[in-house]
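Starting from the given sequences, assemble the full structure and let the hints guide the process.
Protein chains in written order, with our numbering: chain X, 1 to 331; chain H, 1 to 331; chain R, 1 to 331; chain Y, 1 to 331.
The hints are all genuine.
The list cannot tell twin chains apart, which means a pair is met if one copy fits it or any two copies do.
When the alpha-carbon atoms are kept at most 27 Å apart in a straight line, the in silico DSSO-like pairs for lysine-lysine are as follows: (1) Lys78 <-> Lys67; (2) Lys67 <-> Lys146; (3) Lys96 <-> Lys22.
Keep in mind the hints are simulated off the structure, nothing from the lab.
Number of protein chains: 4
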Amino acid sequence: MSAWFSCSYMARRGVAAGRVGKKHHLTEAKQGSYQYVYGPYAAPVLTIAPGDVVVAETLDAFGGAIKSVDDRPSQKLKFPFVNPQNGPIAVEGAEKGDVLCVRIDAIAPRGPQPVGTSALIPEFGGLVGNAGTPMLNPPLPERVMKYHVTESGVRFNDKIVLPFEPFIGTLGVSPQIEAVLSLQPDYWGGNMDLPDVAPGAIAYFPVQTKGANLFLGDCHGRQGDGELCGVAVEIPSTTTIHVDLIKSWAIVWPRLENERFIMTIGSARPMEDAARIAYRELIRWLVADYGFDELEAYFLLTQAGRMRVGNMVDPKYTLGASILKDYLPSK
Amino acid sequence: MSAWFSCSYMARRGVAAGRVGKKHHLTEAKQGSYQYVYGPYAAPVLTIAPGDVVVAETLDAFGGAIKSVDDRPSQKLKFPFVNPQNGPIAVEGAEKGDVLCVRIDAIAPRGPQPVGTSALIPEFGGLVGNAGTPMLNPPLPERVMKYHVTESGVRFNDKIVLPFEPFIGTLGVSPQIEAVLSLQPDYWGGNMDLPDVAPGAIAYFPVQTKGANLFLGDCHGRQGDGELCGVAVEIPSTTTIHVDLIKSWAIVWPRLENERFIMTIGSARPMEDAARIAYRELIRWLVADYGFDELEAYFLLTQAGRMRVGNMVDPKYTLGASILKDYLPSK
Amino acid sequence: MSAWFSCSYMARRGVAAGRVGKKHHLTEAKQGSYQYVYGPYAAPVLTIAPGDVVVAETLDAFGGAIKSVDDRPSQKLKFPFVNPQNGPIAVEGAEKGDVLCVRIDAIAPRGPQPVGTSALIPEFGGLVGNAGTPMLNPPLPERVMKYHVTESGVRFNDKIVLPFEPFIGTLGVSPQIEAVLSLQPDYWGGNMDLPDVAPGAIAYFPVQTKGANLFLGDCHGRQGDGELCGVAVEIPSTTTIHVDLIKSWAIVWPRLENERFIMTIGSARPMEDAARIAYRELIRWLVADYGFDELEAYFLLTQAGRMRVGNMVDPKYTLGASILKDYLPSK
Amino acid sequence: MSAWFSCSYMARRGVAAGRVGKKHHLTEAKQGSYQYVYGPYAAPVLTIAPGDVVVAETLDAFGGAIKSVDDRPSQKLKFPFVNPQNGPIAVEGAEKGDVLCVRIDAIAPRGPQPVGTSALIPEFGGLVGNAGTPMLNPPLPERVMKYHVTESGVRFNDKIVLPFEPFIGTLGVSPQIEAVLSLQPDYWGGNMDLPDVAPGAIAYFPVQTKGANLFLGDCHGRQGDGELCGVAVEIPSTTTIHVDLIKSWAIVWPRLENERFIMTIGSARPMEDAARIAYRELIRWLVADYGFDELEAYFLLTQAGRMRVGNMVDPKYTLGASILKDYLPSK
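Right, dumping it as structure tokens:
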């Protein structure tokens with residue numbers, strides 16, 4: 001256990017207190033049908049205890065349907081059956097009002113090279129007329145990119161190799177009575193596409209239902225802020241997460257911590273509302289757990305808050321507000 | 001001249017080619033009346049040549065009117081006479097279609113401690129009902145903070161000292177026929193409140209008028225992303241800039257570079273439009289100067305672009321899109 | 001059958017061709033449990049044929065929980081169990097790609113006076129910090145209004161009586177694989193809160209699932225544009241609708257017609273995206289059914305389009321774009 | 001004087017109390033150079049007294065530069081020299097804190113037929129990528145429409161004649177120290193493109209400077225809500241206005257009244273902020289002049305407020321919130 005992890009909310013407040021329990025392998029075969037909504041209506045494929053580890057074989061966001069640069073996304077993708085998810089994973093003892101902790105331990109590309117895919121999809125993306133912001137302009141051409149991705153880098157083209165900085169694009173718990181497309185990020189997590197949800201971080205989600213119903217998928221070999229064209233370096237993966245449960249922690253939106261900072265995550269449109277949500281929730285955190293009064297926290301974030309743009313392309317935009325632990329009283 | 005500077009757009013394309021010319025002292029006395037609009041209607045206080053250096057005595061954003069924590073901003077501030085600016089500074093040879101280069105060499109706090117001021121101002125700020133997003137809720141109390149600021153840190157309170165990371169909050173050139181409040185950021189620069197406009201960076205502005213009419217002011221001892229409550233660590237300063245001119249460089253929005261990255265800066269509401277503007281302009285840059293085709297640049301920024309939130313409180317929100325020079329072909 | 005109805009899309013293209021079939025009474029008793037999501041997972045409470053009429057006993061948006069002006073909404077409402085809906089009603093023969101036609105024939109208040117309720121609910125409303133646009137300001141007080149509502153008027157107070165102009169606040173079909181709160185409007189209809197969905201109008205919804213799964217509820221005695229505080233004149237009602245089915249009509253968002261105009265309905269945030277969606281879809285309609293080319297339709301709506309603001313308070317804002325039939329070639 | 005006018009704010013509170021003073025002819029010759037900014041820096045072309053009438057010869061929004069359907073806007077228009085304005089007109093006695101009243105008496109097309117112009121301009125319009133919401137999509141083709149416009153109608157094409165419903169697209173007073181493009185609407189009026197600013201209405205503007213500096217121009221033969229493609233039926237006109245002054249009336253945004261309703265006008269992005277501004281200001285009006293308390297006014301507008309979309313294409317979007325005088329206590 002790394003030094004900082006022992007000081008994390010997960011280790012200090014979790015039911016398992018940082019201990020590692022049983023390891024579960026959620027292979028493609030065990031998963032069977034992948035899921036396309038975050039909701040309470042599908043039966044769990046796996047039930048785990050707090051402290052358990054899950055090694056999941058995730059599909060890429062296209063379910064592997066885009067196999068070559070000659071494929072046309074509009075022909076290969078059958079909306080709404082995109083962004084397939086592993087899960088739901090039930091967590092023993094979880095109930096509404098708790099917080100599910102997901103420490104991300106590892107993400108490895110899985111399958112033959114070139115294992116990474118990106119694409120221009122009609123009516124989708126941050127700099128084109130799309131379903132949410134429709135325009136009369138003619139569309140861009142469809143285009144598929146295939147990237148060689150290993151732990152030593154993402155080969156963008158013959159000249160440019162970008163660092164391998166993998167993360168989980170879509171991760172979260174079930175809403176209480178809704179079942180919402182895995183394409184959407186919201187207060188339960190989902191398709192946040194936020195690069196900080198990466199190995200070395202712990203994500204916290206507000207449990208809405210008995211068992212929590214954890215879902216995950218959509219791993220990325222890397223991504224720029226905003227996921228500009230709408231499609232990162234999409235990879236199938238073997239992803240390892242360590243799960244725990246904090247009882248009775250009232251959080252409204254997902255949170256995250258790593259060795260350096262604590263973060264709150266908001267998803268909304270317009271983008272300023274995502275920023276407001278994230279900062280508003282971070283003030284709540286500073287007040288509840290660090291002894292600030294509300295206005296003092298407002299001033300501190302004015303001078304030292306940081307904002308990460310996750311996605312600017314999904315049904316809601318996702319931003320993460322954070323502050324370095326260096327600036328906070330030690331816990 | 002540092003190594004990277006010799007490879008900068010300013011040094012390579014500027015009229016002065018990186019050479020340092022005359023040094024001008026724009027003291028409070030020489031400035032006389034400070035300016036409250038960015039426009040072509042005021043006579044220059046100073047005329048300089050490309051390559052010249054200006055050492056300006058800037059006022060804080062309140063023109064020094066908030067002297068103690070007992071002052072009430074609503075009584076001390078006389079809108080629209082806030083955010084006073086040095087300038088206009090005419091640059092010989094500048095005309096519409098050129099680009100003004102402003103390398104920021106130094107920013108030092110000026111005046112007695114505590115030299116830094118922040119405040120909660122009624123109807124202003126990122127997490128309150130305000131003039132642009134009005135609400136019926138009761139306002140927050142007015143409050144003033146005074147911070148001790150030196151090169152070794154910003155003393156937020158007895159326990160927290162934040163790094164001194166100064167930058168110029170408001171910097172830019174005159175619009176062609178408009179005169180717009182110095183509170184507003186726009187395609188000519190202005191009140192961008194973007195922490196990257198800091199010593200070590202070169203900012204580039206599209207000249208709109210003969211002589212460019214450079215303005216600057218509103219220095220900050222530091223600031224978090226978004227300038228959440230609307231008021232950073234406001235300081236009067238002695239600020240040193242090195243100015244040059246690039247002839248016939250067609251840029252639409254401000255740009256910036258430093259040792260590590262190139263950045264384009266967009267200001268708009270809603271926030272996603274600022275993000276779109278910034279990324280759209282960065283694609284133009286990658287195409288014009290780095291040999292990418294447009295869709296290739298779109299993909300590259302999807303995987304490697306970065307987005308900095310400057311302000312989420314001014315009349316337009318400001319975001320900076322950037323990419324590390326490491327990922328670009330060398331110039 | 002009124003003269004214009006015989007020229008409507010419903011009468012001309014519907015499977016039942018305007019004929020009236022069986023009348024079904026969907027009483028509270030028959031409904032049993034009301035529904036809180038629009039989705040495909042609940043079993044139909046009623047199956048009808050195209051041409052059938054349904055007389056539904058709807059609850060008010062609070063399920064009747066707010067009984068007096070002394071009630072506090074925060075104590076009486078148990079989110080997400082608000083905005084109860086009748087349904088789902090399966091329609092024989094409906095399948096994805098079809099359009100469900102709902103002619104609204106009558107809406108009558110149901111129950112003892114004062115039968116109308118409005119309220120200020122914490123963290124909800126168009127002019128207060130709320131869940132989607134959070135603020136630090138203190139909240140407004142909770143407040144409940146009870147209105148006497150009959151066909152001759154809504155008694156706002158002792159001096160002001162407003163016209164009774166009832167409509168269905170929430171109406172639509174099930175998404176394909178999602179189950180989404182009845183609080184949300186979207187491309188399947190839902191909580192549009194658009195006053196044009198009123199007796200005399202026919203609404204058209206794009207069917208997403210086998211049987212369409214029609215839901216309705218949330219009737220209003222009247223409402224201003226935008227539903228400003230978030231709560232209209234909420235009434236329990238007896239609502240009569242006439243349902244038909246148009247096979248293979250590809251529409252993307254809800255449409256509506258009445259004697260005077262045709263309308264397309266968009267729901268999104270920010271509000272301009274709802275406007276774009278509505279006008280974009282209206283151009284599609286003008287091109288497909290009225291012989292315009294796309295740019296000609298763009299010009300026509302520039303000069304003659306009309307925009308109605310439904311709600312500016314729900315998870316998505318709803319706007320209706322319309323054009324008078326007088327300006328269109330007759331069908 | 002019509003019956004309702006004698007009850008108007010202009011007639012009841014104006015310095016001239018409804019009386020008609022001198023008539024001034026602001027011909028093209030007298031105007032000389034037209035204005036392209038709303039500001040205090042140009043000398044008045046005319047000085048009038050409260051009660052005076054001005055008959056102005058306005059140019060169309062293109063200054064007449066687009067003469068035929070074969071012209072290309074991108075070649076004929078020289079940004080920022082578009083939307084030429086008559087003025088500034090100084091009003092004796094006007095000073096900051098007053099309100100300028102402008103009753104619109106008549107708007108007649110001026111010049112040879114076809115006198116009306118519309119156009120698709122690159123990077124401009126509500127359903128295309130544009131300067132404020134840039135996209136990578138290819139642009140639409142440029143296109144010019146010429147319309148025959150008389151008091152009996154606007155001939156859209158051979159089959160469609162739309163009613164002649166003229167209004168002033170751009171009207172307002174000078175900001176205090178700014179000079180802002182006549183393309184922009186704001187709290188001083190400007191390019192609101194709101195069809196209610198029509199003969200029979202009185203517009204009220206908050207005076208910011210000594211003399212008020214009234215500007216007007218950009219008359220439209222008619223326009224749909226939102227001015228979708230960005231260009232209405234642009235006409236040169238002879239426009240007659242009756243001007244008065246109300247001393248010491250504290251209004252923050254433009255207001256309007258006609259025989260049927262009172263309206264407040266907000267301009268902002270995103271569009272919901274324009275709606276918030278307009279409704280917030282209408283609540284202020286109901287409280288100050290009609291005896292409502294704030295929450296009561298909030299409820300009343302929830303049930304009876306109306307919202308008109310002026311433009312969704314200018315630098316700020318303009319919406320007008322109104323309520324019928326029938327629902328208000330008589331004055």
